[in-house]
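Start from the sequences and build out the full structure, keeping to the hints where you can.
In this note's numbering, the protein residues as written are -18 to 446.
Check each hint, because a few of them may be wrong.
[Stated by the list, open to error] Cut-off 20 Å, straight-line C-alpha distance, at most; resulting in silico cross-link-like pairs (EDC-like, lysine to aspartate or glutamate):
no.: 1; residue 1: K52; residue 2: E85
no.: 2; residue 1: K24; residue 2: E58
no.: 3; residue 1: K24; residue 2: D143
no.: 4; residue 1: K32; residue 2: D55
no.: 5; residue 1: K24; residue 2: D117
no.: 6; residue 1: K77; residue 2: E58
no.: 7; residue 1: K433; residue 2: E245
no.: 8; residue 1: K77; residue 2: D23
no.: 9; residue 1: K32; residue 2: D73
no.: 10; residue 1: K161; residue 2: E171
no.: 11; residue 1: K161; residue 2: E97
no.: 12; residue 1: K77; residue 2: D135
no.: 13; residue 1: K24; residue 2: E171
no.: 14; residue 1: K77; residue 2: E171
no.: 15; residue 1: K32; residue 2: E69
no.: 16; residue 1: K52; residue 2: E115
no.: 17; residue 1: K32; residue 2: E108
no.: 18; residue 1: K77; residue 2: E145
no.: 19; residue 1: K77; residue 2: D101
no.: 20; residue 1: K139; residue 2: D64
no.: 21; residue 1: K77; residue 2: E67
no.: 22; residue 1: K32; residue 2: E115
no.: 23; residue 1: K52; residue 2: E97
no.: 24; residue 1: K24; residue 2: E85
no.: 25; residue 1: K52; residue 2: D117
no.: 26; residue 1: K52; residue 2: E67
no.: 27; residue 1: K309; residue 2: D277
no.: 28; residue 1: K161; residue 2: D101
no.: 29; residue 1: K24; residue 2: E145
no.: 30; residue 1: K77; residue 2: E1
no.: 31; residue 1: K139; residue 2: D23
no.: 32; residue 1: K433; residue 2: E411
no.: 33; residue 1: K24; residue 2: D55
no.: 34; residue 1: K52; residue 2: D120
no.: 35; residue 1: K24; residue 2: E108
no.: 36; residue 1: K32; residue 2: E1
no.: 37; residue 1: K24; residue 2: D135
The hints are simulated quantities; they were obtained by calculation from the structure and are not laboratory data.
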Amino acid sequence: MMATLEELMAEDGYLPQGIEVNATTRSVTVPASVGTVAIAQDKNVRTLAIKVPRECFGVDLAPYDFTVNYKRGDGIEGSQPVDVSEDEGHLDVLWKVCPHAVQEPGTVQFQLCATEHAADGLTVVNEWHSGIAEFDVGDVLEHSDVFEDETYLDWAHKVIADCEAATAGAHEAVGMIDAKLEEACAAAEEEIAAAEEERAIAELGRAEAEAQRAAQFADMEQRSRGWLRYICQPGEYDPDTRQPIIAEPHAGTMYFVPSAIPTEQSMYQEWIWVSGDERWESFGEVELSITPASPDQLAAVLDGTDGGEGGGEVVNLTGWRSVVPRLKAMFAGIVHKHSGADLTDGTVTAAKLASGAVTQAKIADGSVSLAKCDTALRDSVSRAGATSSTVQWARLGNIVVISGRCVVTTASTVTVLTLPVGSRPAVHAEAPTVTGGYAGANVDGTVVVTAKPGNNFFALCFPAA
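In structure tokens:
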């Protein structure tokens, strides 16, 4: 295969050396040794070798495409792609000066331009430029187009070689275009598939929204006609949750389920079907679930063996029946008698205890024992509480205990008891009722129940002021 002109020139050492781009300033140095680059109307005569730093401010220029932008002496501008090779940390740019650049005499300015393209091969992502350098193009004499045979053959060989190179480059370009076209087609197919998937998802969402809108409209239409009522029979509701079990529930129907704990005011639990959410909704009276504390749990609390763990159990009437006897036993007055030897008149009264009639000396010499003083003190602070059929209370030592039941048909606040002085709390005491209300003892002695319809069982325990 015939060697190219560049190869022949390289073998002869003809390629000029010393043209270099500074990595920091990007200025281009053209030494005098380069000599005359071209005479006007030269055609593909000189190839300039330009040394370019591979990295510029941390940017690797090796993958970039290089061109030479030039401006002739007559002001005409142009651009020419150039070949680039890597050599020991720098790039060698070979610029075969094209005929267009040196067509007219004068000073030619040139500048290197390096660009990085996107995957499409067209969009410029990054771009780098060198400084501007120049060389002079000499004048030329007019000549005819007559060539000697040998000269003509040399030029013919050169033209053929250039045509072959151009053809090879064209084939390579066609191959690259085909590859880019295939990539573009594949990307387009992926985008079409993604768009189709999004369209299908949007259509599914639209269908769901339309179905929900239709259901809501049907629900609104039925509601405008008024409620229908249906009493569920055994087998048509869950016995534990009391929720209806209807195969095709109707949004405009109110379903009545027999209450688990029926009362005169609440025989049924009402349900409706929410068509938009596809679920049952309960409204109206709902039974409360109360977990009572067992006698064993209460006994553990009194004995101090429960471990102190928390719990949501409440004390009901059964629990108080097991607690009150033990509280009475714990705080009961001790039955005792005194002889005349104990005190002058033979009695140990609270008044005498307070007045100092029982002195430390009498306790010390055994006339009045500590046990007898304890008995007298217990008698002096224990009080029997007033009782009724619904409310009971007692003061055991310094502890006041109240239990009772408040029955109302509508939500209201009821004063069920007024405690005497000496049995009232120092601060407000409060406890919940089993129906969700609460009972409270005020510092003025009033015991008030904020009651809900039904039986409001409650219990209070607090120290007296």
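Status of each hint after checking the structure:
{"no.": "1", "hint": "K52 x E85", "result": "holds (11 Å)"}
{"no.": "2", "hint": "K24 x E58", "result": "holds (17 Å)"}
{"no.": "3", "hint": "K24 x D143", "result": "holds (12 Å)"}
{"no.": "4", "hint": "K32 x D55", "result": "violated (28 Å)"}
{"no.": "5", "hint": "K24 x D117", "result": "holds (15 Å)"}
{"no.": "6", "hint": "K77 x E58", "result": "holds (17 Å)"}
{"no.": "7", "hint": "K433 x E245", "result": "holds (14 Å)"}
{"no.": "8", "hint": "K77 x D23", "result": "holds (11 Å)"}
{"no.": "9", "hint": "K32 x D73", "result": "holds (5 Å)"}
{"no.": "10", "hint": "K161 x E171", "result": "holds (15 Å)"}
{"no.": "11", "hint": "K161 x E97", "result": "holds (16 Å)"}
{"no.": "12", "hint": "K77 x D135", "result": "holds (18 Å)"}
{"no.": "13", "hint": "K24 x E171", "result": "violated (49 Å)"}
{"no.": "14", "hint": "K77 x E171", "result": "violated (43 Å)"}
{"no.": "15", "hint": "K32 x E69", "result": "holds (11 Å)"}
{"no.": "16", "hint": "K52 x E115", "result": "holds (9 Å)"}
{"no.": "17", "hint": "K32 x E108", "result": "holds (18 Å)"}
{"no.": "18", "hint": "K77 x E145", "result": "holds (17 Å)"}
{"no.": "19", "hint": "K77 x D101", "result": "violated (28 Å)"}
{"no.": "20", "hint": "K139 x D64", "result": "holds (19 Å)"}
{"no.": "21", "hint": "K77 x E67", "result": "holds (18 Å)"}
{"no.": "22", "hint": "K32 x E115", "result": "holds (16 Å)"}
{"no.": "23", "hint": "K52 x E97", "result": "violated (23 Å)"}
{"no.": "24", "hint": "K24 x E85", "result": "holds (12 Å)"}
{"no.": "25", "hint": "K52 x D117", "result": "holds (12 Å)"}
{"no.": "26", "hint": "K52 x E67", "result": "violated (27 Å)"}
{"no.": "27", "hint": "K309 x D277", "result": "holds (18 Å)"}
{"no.": "28", "hint": "K161 x D101", "result": "holds (7 Å)"}
{"no.": "29", "hint": "K24 x E145", "result": "holds (17 Å)"}
{"no.": "30", "hint": "K77 x E1", "result": "holds (16 Å)"}
{"no.": "31", "hint": "K139 x D23", "result": "holds (14 Å)"}
{"no.": "32", "hint": "K433 x E411", "result": "holds (16 Å)"}
{"no.": "33", "hint": "K24 x D55", "result": "holds (18 Å)"}
{"no.": "34", "hint": "K52 x D120", "result": "holds (17 Å)"}
{"no.": "35", "hint": "K24 x E108", "result": "violated (29 Å)"}
{"no.": "36", "hint": "K32 x E1", "result": "holds (5 Å)"}
{"no.": "37", "hint": "K24 x D135", "result": "holds (14 Å)"}
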